[in-house]
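Student: Going down the list, the sequences are from chains V and A.
Each residue of the first sequence is one higher than the last, beginning at 71 in this note's numbering.
Each residue of the second sequence is one higher than the last, beginning at -4 in this note's numbering.
It should be emphasised that the hints constitute simulated quantities derived from the structure, not laboratory data.
If you're wondering where the values come from, they're calculated on a predicted model, not measured in any experiment.
Keep in mind that the hints are not guaranteed to be accurate.
To be verified - Just so you have them, the derived chain A footprint on chain V, three or more residues with Cβ under 8 Å: (1) 123 to 137; (2) 234 to 240; (3) 339 to 353; (4) 384 to 394; (5) 453 to 467.
Said to hold, decoys possible - Computed list of lysine-lysine pairs in DSBU-like fashion (alpha-carbon distance at most 35 Å, straight line): (6) K280/A <-> K146/V; (7) K339/A <-> K205/V; (8) K165/V <-> K339/A; (9) K328/A <-> K222/V; (10) K382/V <-> K40/A; (11) K355/A <-> K172/V; (12) K339/A <-> K197/V; (13) K165/V <-> K332/A; (14) K339/V <-> K160/A; (15) K172/V <-> K339/A; (16) K165/V <-> K328/A; (17) K280/A <-> K165/V.
What the hints assert, rightly or not - Which chain A residues stay away from chain V? Per the calculated CB distances, all over 12 Å, these: (18) T177; (19) K316; (20) S415.
Just so it is clear, CB atoms sit at the ideal spot from N, CA and C, and this is done for glycine as well.
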Amino acid sequence: MSSKLRDKRLAEVNASAPPAGQVTHLETVAFGPSLAVERFRFGNGLELLFCEDHSAPVIAYHTWFHVGSRHEREGKTGLAHLFEHLMFNEVEGRKAGEFDRKLEEAGAESNASTWLDFTQYNVSIPKDQLPLLVKLESERMSRLVLRDPQVKSEKEVVANERRYRVDDDVEGAVSELLWATAFDTHAYRWPTIGWMADIEGFTTEDCLEFYRTYYAPNNAVLVIVGDVAEAALLKRLSQAYGAIPASTLPLEDVRPEAPQTAERRVEVKKPTATEKLTVGYHSPAMGDFDHPALSLLSEVLFGGRASRLHQKVVRELELATEVRAFVGPFRDPGLFEVFASAREGHTAEEILAVIDAEFERIKTEPITPEEIARAAARLELSLLAGLETVDGKASTLGFYEIVLGRPGAAFERLETTRRITASDLLRVARRYLLPRYRSVILVRPDLSAESTEEAAQ
Amino acid sequence: MSIAAVVNLPPVSGARVLLETSRALPLVTVSVGLRTGALLDPRGKEGTTRLLSRLMRRTGGGLEPHVIDTRIDSLGASLGADVAHSTMVFQATVISRSLDAFVDLLVDVLGRPGLAEAELARLQRETLAELTDSLDDDRGIARRFFRRRFFGDHPYGRSVSGTAKSVPEITPADVRSVYERTFVRDNLVFALSGDLTEARASRIAERIAEALGTGPAPGDATPEPVPVPGRRLVIVDKPERTQTQILIGCLGSHTRDEDHVALLVANTIFGGTFTARMTQEVRSKRGWSYGAYSNVPFDRRRQTFSMWTFPKAEDAGPCLKLELEMLHEFREKGVTKAELSWAKRYLVRSHAFAVDTAAKRVGLALDQTLYDLPEDYYARYLDRISAVTLEQANAAVQNRLSEADLLVTVVGTEANIGDSVRGAIENLSSSEVVPFDRVD
Chain V
71 MSSKLRDKRL
81 AEVNASAPPA
91 GQVTHLETVA
101 FGPSLAVERF
111 RFGNGLELLF
121 CEDHSAPVIA
131 YHTWFHVGSR
141 HEREGKTGLA
151 HLFEHLMFNE
161 VEGRKAGEFD
171 RKLEEAGAES
181 NASTWLDFTQ
191 YNVSIPKDQL
201 PLLVKLESER
211 MSRLVLRDPQ
221 VKSEKEVVAN
231 ERRYRVDDDV
241 EGAVSELLWA
251 TAFDTHAYRW
261 PTIGWMADIE
271 GFTTEDCLEF
281 YRTYYAPNNA
291 VLVIVGDVAE
301 AALLKRLSQA
311 YGAIPASTLP
321 LEDVRPEAPQ
331 TAERRVEVKK
341 PTATEKLTVG
351 YHSPAMGDFD
361 HPALSLLSEV
371 LFGGRASRLH
381 QKVVRELELA
391 TEVRAFVGPF
401 RDPGLFEVFA
411 SAREGHTAEE
421 ILAVIDAEFE
431 RIKTEPITPE
441 EIARAAARLE
451 LSLLAGLETV
461 DGKASTLGFY
471 EIVLGRPGAA
481 FERLETTRRI
491 TASDLLRVAR
501 RYLLPRYRSV
511 ILVRPDLSAE
521 STEEAAQ
Chain A
-4 MSIAAVVNLP
6 PVSGARVLLE
16 TSRALPLVTV
26 SVGLRTGALL
36 DPRGKEGTTR
46 LLSRLMRRTG
56 GGLEPHVIDT
66 RIDSLGASLG
76 ADVAHSTMVF
86 QATVISRSLD
96 AFVDLLVDVL
106 GRPGLAEAEL
116 ARLQRETLAE
126 LTDSLDDDRG
136 IARRFFRRRF
146 FGDHPYGRSV
156 SGTAKSVPEI
166 TPADVRSVYE
176 RTFVRDNLVF
186 ALSGDLTEAR
196 ASRIAERIAE
206 ALGTGPAPGD
216 ATPEPVPVPG
226 RRLVIVDKPE
236 RTQTQILIGC
246 LGSHTRDEDH
256 VALLVANTIF
266 GGTFTARMTQ
276 EVRSKRGWSY
286 GAYSNVPFDR
296 RRQTFSMWTF
306 PKAEDAGPCL
316 KLELEMLHEF
326 REKGVTKAEL
336 SWAKRYLVRS
346 HAFAVDTAAK
356 RVGLALDQTL
366 YDLPEDYYAR
376 YLDRISAVTL
386 EQANAAVQNR
396 LSEADLLVTV
406 VGTEANIGDS
416 VRGAIENLSS
426 SEVVPFDRVD
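Work out the full structure, taking the sequences as your base and the hints as a guide.
Tutor: As structure tokens, then:
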């Protein structure tokens, strides 16, 4: 669309919009070789990323809030996640549960997620159902009803989710322990789902305060991808969200983590048949220059069956059933997490020794061009495969917008990855993969006694 | 968009070829489906077909596994196999610039599978270790015990992955025999989508088919399962569980049943969505379980109807009791007119997301062919849903679902839940407690 035509259409939209609904076009952002994303801002600060896509008669409608577990405090952990659950409950003028019931009747697929840096609500809907969705989503941004019985019931649901994902799940429990061990001050040290005692202790007033503080249009980004014309969409959004006032957002009480100076090691007993190992090295933030290189190095070492550590640990030495790694994609520095599940008769220490030897090797011997190309091709396929649906596109745009402030950064990153050299990998290996920066959790199987945790050193 | 966008290309050497071209992304998906699956595993050697599929992926063309893995990754491709009781599908995705080189590899994997004995032995060791790992997955344990106890000696009761007892018994000759019987042209269905033309799709299918042998497809002689009478309970005892995994089930539906679609619609109301009765009663009103759903899957023979919840240990008995009462009410009173209208609107409108990409549309066409669904199953799916009446939905529930012949499987710590779980089931005809690591 030409800028002249867009200006004319925006003028038409703004002519009947309330002040908070006045919309401005900010920029056009390339999203891969064939798509473009338009960024708009409404008078109340609500941002919109819109990608017109007529590949199917459906629309993905995501609402991303700049609030995650990093915005919580000790004693109130898990509030962002509990709140995500409550957002599906009751809205003024509608019965409890009506939000979901109406969306399902409209054929929608909807879900939500909370993580360290954000909370996001995603709905995909047949295109002719868009008016209903805009109404429901704008309503719950400002007119949610929170009552004691709903909060009590949802706390039970979340407690059960925690039992399922953490308390009765070895990997979930160990990952939680790793982050709590590796971080002393930053809010990344507590789990997104929250500690059980905190979940049980939340009051309705806690939830109301959280809603008033963070659920404001100027703390949200709408990401809409699909089969809808821009002008019609803007008009509808302007009318629906234009009545919601902006809020004064609190200053985030960020407490940067001091550099770790010595390895931390914890042993834990769990009701599992074999030993498990998880290791977390402090790693750079997603926006750091080193993050793409460390991610590529992780892919070389752990990505797929051709990777070095899979070849060594799973195939050659048959020490483990699997070994994998993940570089945290967060706004602040996170962890490069490694996980391995030992085979019967082998120990977590045996696996750690092999990983250590490989990590020493990559600090002296350059990674080969073939390995770099293999890892880059895997990352390219992963990106493309995630863009098949409108929901996949919206998820990618929203994630990069909320973490980096650049919705098209997925493709920028791909280009960056293609330029990464063996020297870059040498640099990040030497900078981050040092024993003094890591925490190690060793899981010992115990199918009879109570689980215990003890610091080994 | 609908499955009608999928083109039936001229058959290649007897094999059906399905295609939908899409230029939306520079990707091509290639699925090679077989009309046979793990039901052909020799008795006592469960897991043979799955081992075969993994072995082919590792030793195709006589290559070393590392060479194949490196080549697939470097081409920007993925390749895996899904083995079910009645079917096997090799699923591949590749960045379109690498399609030709990838097809060379695919021909090797499918037509010259290598099947090196040393790699089979390694794969058996890996599989045994994975079976041990799977004991950490309580939901997986519940499903495994449920299937085994529900179907008993019927082939659907057998494990696709194999067991600690069966996997070591599998020999190279067993694997080769299943390959030779099943990888024949008449047993294949090709399904392709994405950035390629009809001519190119046909050539790919031809190259793969020509690499395979000829001969009759094995067919499927599986008998219909017969329900075990009575209300049975299996408690799978696992230490230190704060939570339980509960599966309740009876025989379900067959796609050729006249009331199949009516049962699907009724199930949607009972436990098929987030606002269905089960979620409302178990999760929203009582907070007892993070999830609460019911399910009516299909296969070539009748499958199960099952209900799934995972309450904490203290709530296991009350939750189970509530679910049984809900099932009773579902059968006795059926669904309401308002619920039926709602469910039909949900199913018809949400179908948009089953067909919103070329890969999904081709996938449905592939399922329709592999599972011998009625030829117009998906073409008329929405019409059939819209036509379901209240009487048909309620009759389907009454006729197909049973409260008398029911299996309840609960994974949890027996010392904490045993009494309350047994007390929740009226007219219990049998009850057993099994250690969680003793699945046979």
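Student: Provide an ascending list of the numbers of those earlier hints which the structure does not satisfy.
Tutor: none
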